[in-house]
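S.K.: Here are the chains, one letter per residue:
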Amino acid sequence: MTSGAAPATSSGQRTRGYLRAVGAVLWKDLAAELRSRELLSAMLVFALLVILVFNFALELDLATRQTVTSGVLWVTFAFAGTLGLNRSMAVERDRGCLDGLLLAPVDRSALYFGKALGNLAFMLIIEAIILPVYSLLYNVNLFLPGLLGVVLLGSIGYAAVGTLLSSMAVQARTRDVLLPILLFPVVLPVLIPAVKATNAVLLGLEAAELWPWLNLLIAYDVIFTAAAFMLFDFVVEE
Amino acid sequence: MGDVQRVFYFHVASGWVGALAFLVAAVSGGIYLARGKRRWDAVGLASVEIGLAFTLANLISGSVWARPIWNTWWTWDPRLVTASVMELVYVAYLLLRQGIEDPDRRARFGAVYAIVGFLSVPLTFLSIRIFRTIHPVVVGNNDPTAQGTFDMTPPMLQTFFVSLAVFTLLYGVLLWHRVRMQSLAETVEERKLKLLSA
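In order, the protein sequence lines correspond to chains B and W. All the letters of the first sequence, read from the start, carry residue numbers 1 to 238 under my numbering. All the letters of the second sequence, read from the start, carry residue numbers 1 to 198 under my numbering.
By construction, these hints were calculated from the structure, which means they are not laboratory data. Some hints could be false.
[What the hints assert, rightly or not] So, partial list: chain B residues that the calculated Cβ filter (under 10 Å) puts toward chain W:
no.: 1; residue: V140
no.: 2; residue: F143
no.: 3; residue: L164
no.: 4; residue: E206
no.: 5; residue: L210
no.: 6; residue: L214
no.: 7; residue: I218
no.: 8; residue: A227
no.: 9; residue: A228
Note that this is a predicted model, so its numbers are computed, not measured. Every residue gets a Cβ at the ideal spot worked out from N, C-alpha and C, and that includes glycine.
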């Protein structure tokens, strides 16, 4: 890496190797989940429960639904996401899997991106199930392209900062209670614009109302991904 | 506005020190991660503790002012919410540190969280530009929907700058004493270990 003899080919090879490492970590998580299905089923049942509890707590009649749908959806995603993040990192730690991953001769940030993409994939799967179920139960059409875009952007930011914080939380003594406390205040700059943008899409507001929120959301996606990319090394260092 | 306006000098100055303290914590976190000197971790921790105290003073003095002006102690205004979220970020910082025994790891995680947490602080300042807010913006241009705003006369401006300077100085002194206390505590710990092992 220190010599610059053939920078063009070596940098191309390095990029390919890096992407392969990211893909390998991602594939490991997906394959393990495909066989056990313990994470997705827990997240899914939990998410459905949250929606049903909201129904009792908020009396989701037609008038209320108009204004609170975006909030209910994002709180559900955030709670289910926390469950998934905690579990996906706890698995690595419990069975000494993290040490094995750290021994692999790849850049540490490749591990981060692999885990983050895995967490993002789980969140998106849950959302892909929750959105139609919510539409069906409450008779709201949630299949608007703008809404799906907002959900994707929000999940990216959530998974980006959540993966970093959950890898810290699992190494602490109070790990089970720590993740939500660490995550929720920090992820608010993602959640607030996500809720507001979802609301704007659902109420059919014009683009001028929507764009400030989308800009904020995209900005924080980039900020959190970049910060986690730079800081992950220090979190897993032994 | 009368006497209640005088809260302003304490309110803004402690808010400023709170933000400054969290900035210092993030910067010293960055330096700690780059250099690995324990002293920077002590600076970060001290700064967070001081920042928490001043942000709390900021929130409480704001409530005292809001009671006669907005006719309520608390309102769910974006500016107020983001300030209290900022406070919670750093309470979480202390909880994170409490949950880790290994001092090196504690310092590393503290530094990482101070940096990530600080990224949520800019939202406090952005929020007054993006959201429509009830909170007056005395420094910089004003939102017409804000309530309880006023223009500063020259004597008010002078008092305001004096209060800013004094609070900043107070922050520096507190930080110095807190870091010194930390290093003394570490010395005590080392000597205790040496005595016990001898």
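S.K.: Are the hints correct? Go through all of them and say.
M.R.: Here is what the structure says about each hint:
Interface restraint check: V140 of chain B against chain W, minimum CB-CB distance 25 Å, threshold 10 Å, status violated. The beta carbon of F143 of chain B comes no nearer than 28 Å to any beta carbon in chain W, farther than 10 Å, and the hint placing it at the interface is violated. Satisfaction of the interface hint for L164 of chain B is found here, the shortest Cβ-Cβ separation to chain W being roughly 7 Å, below the 10 Å cut-off. For the restraint placing E206 of chain B at the interface with chain W, the shortest Cβ-Cβ distance is roughly 17 Å, beyond the 10 Å limit, so the hint is violated.
Interface restraint check: L210 of chain B against chain W, minimum CB-CB distance 13 Å, threshold 10 Å, status violated. The interface hint given for L214 of chain B is violated, since its Cβ lies 12 Å from the closest Cβ of chain W, which is over the 10 Å cut-off. At its closest, the beta carbon of I218 of chain B sits 14 Å from a beta carbon of chain W; the interface hint therefore is violated under the 10 Å criterion. A cut of 10 Å between beta carbons decides the hint on A227 of chain B: the least distance to chain W is about 6 Å, and the hint holds.
Among the interface hints, the one on A228 of chain B holds; its C-beta lies about 8 Å from the nearest C-beta in chain W, closer than the 10 Å criterion.
Of the numbered hints listed earlier, those contradicted by the structure are 1, 2, 4, 5, 6, 7.
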